[in-house]
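Asker: Sequence:
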Amino acid sequence: MLTERHLEIFVALAEEEHFGAAAQRVGITQPPLSQGLRRLETLLGVRLFDRSRGVTLTDEGLLLLPHARRALAALTELRETGARERADGRRLRLGLAPEVPAWVAAAVAAAPARAGERTRLSVTTAPTATLLSETAAGRLDLAVIRHPAVLPGLAAGPVELFPTWLLTPADSQAGPGPRGSGSGLPVAVRPREEAPAAHDLFVDTLASRGRRVETVVVSDERAGLALVAAGQAALVTADTTLTAEGIERAPATDPPLPLRLRVVWDGRRQNDEETQRTAQLLVDALAAQVAE
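Under UniProt numbering, the first residue of the sequence shown carries the number 1, and numbering increases by one thereafter.
Bear in mind the hints are in silico, worked out from the structure with no lab data behind them. Being a predicted model, the structure only gives us computed values, none of them experimental. Using N, Cα and C, we set each Cβ at its ideal position, and we do this for glycine too. One or more of the hints may lead you astray.
Stated by the list, open to error - Have a look at the derived ranges for each label pair, beta carbon to beta carbon:
#1 P191 <-> G246: 24 to 32 angstroms
#2 A73 <-> P191: 42 to 50 angstroms
#3 P32 <-> S52: 51 to 59 angstroms
#4 E16 <-> E77: 18 to 26 angstroms
#5 R268 <-> R91: 41 to 49 angstroms
#6 R47 <-> L72: 17 to 25 angstroms
#7 L2 <-> P191: 22 to 30 angstroms
#8 E273 <-> T58: 25 to 33 angstroms
#9 P148 <-> R277: 23 to 31 angstroms
#10 T124 <-> T42: 47 to 55 angstroms
Taking the hints into account, I'd like the entire structure generated from these sequences.
Answerer: Set out below in structure tokens:
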């Protein structure tokens, strides 16, 4: 098997042009250096040096030397990158559903650092369905998702309920209701496939008073806000900062439409104490935001 030591012997001998000097540079004696060179030539199937005239590179050696240097440089860069990763702390890959309010996302993301954990945080915003599959596949460590959702082998913290507000055009007489009544508006919702169970619960709750409620699909809450401002939709949001001129805000309590969030992580990592500890920090931070 070709090793880093073989490459070091090759480069040192090519640059020193002397077996003794090359051995001293590599940090071994001359016999092991000669054995390593023979092994390398066997592995490559070529002669690298002409020993009849001192220590001179053959044509094949001249051709392969730049490749050996690049390989050694790449290995050095690999070690240095690994050392930086260790020095900077553990990497934490956090996923957030787009419905998570900005202030909640910030508090959850900051929880490990506030607890003194040395982590390098990367944050991904994606639909709940995507976050679940990415966490199950090991590409995310933890995620804050909408509830309810099917958890494929994942562990989860308790469900936290965040109050929401109903945004309607200021000149409308009522919020969401049956189309054609003169007072009802369709409700702006994100695509169902992003969080099927949570979407269905939301729509079913809206219709629980015997009203047939229509929906209009939007890409995000900003698009929903634009439709509200244009007088074409109503929007339910947990974001306390989402508003605009000409829009009225009222608590979404008739019927109650809380935003249900929970922290999930790979439950198969039972021996990963760091993941378990960090998960608990995020669970506690999410619960604290409800209390506030």
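Asker: Now tell me if each hint is right for this structure.
Answerer: How the hints compare with the structure:
1. P191 <-> G246: 24 to 32 angstroms: Holds, at about 27 angstroms.
2. A73 <-> P191: 42 to 50 angstroms: For A73 and P191 the Cβ distance comes to about 47 angstroms; the hint holds.
3. P32 <-> S52: 51 to 59 angstroms: Given range 51 to 59 angstroms: violated, Cβ gap about 23 angstroms.
4. E16 <-> E77: 18 to 26 angstroms: holds, 24 angstroms
5. R268 <-> R91: 41 to 49 angstroms: The hint (41 to 49 angstroms, Cβ to Cβ) is violated, given that R268 and R91 are roughly 19 angstroms apart.
6. R47 <-> L72: 17 to 25 angstroms: Holds: the Cβ-Cβ distance is about 21 angstroms, inside 17 to 25 angstroms.
7. L2 <-> P191: 22 to 30 angstroms: violated, 51 angstroms
8. E273 <-> T58: 25 to 33 angstroms: violated, 55 angstroms
9. P148 <-> R277: 23 to 31 angstroms: At 26 angstroms between Cβs, range holds.
10. T124 <-> T42: 47 to 55 angstroms: For T42 against T124, whose Cβ atoms are near 48 angstroms apart, the range 47 to 55 angstroms holds.
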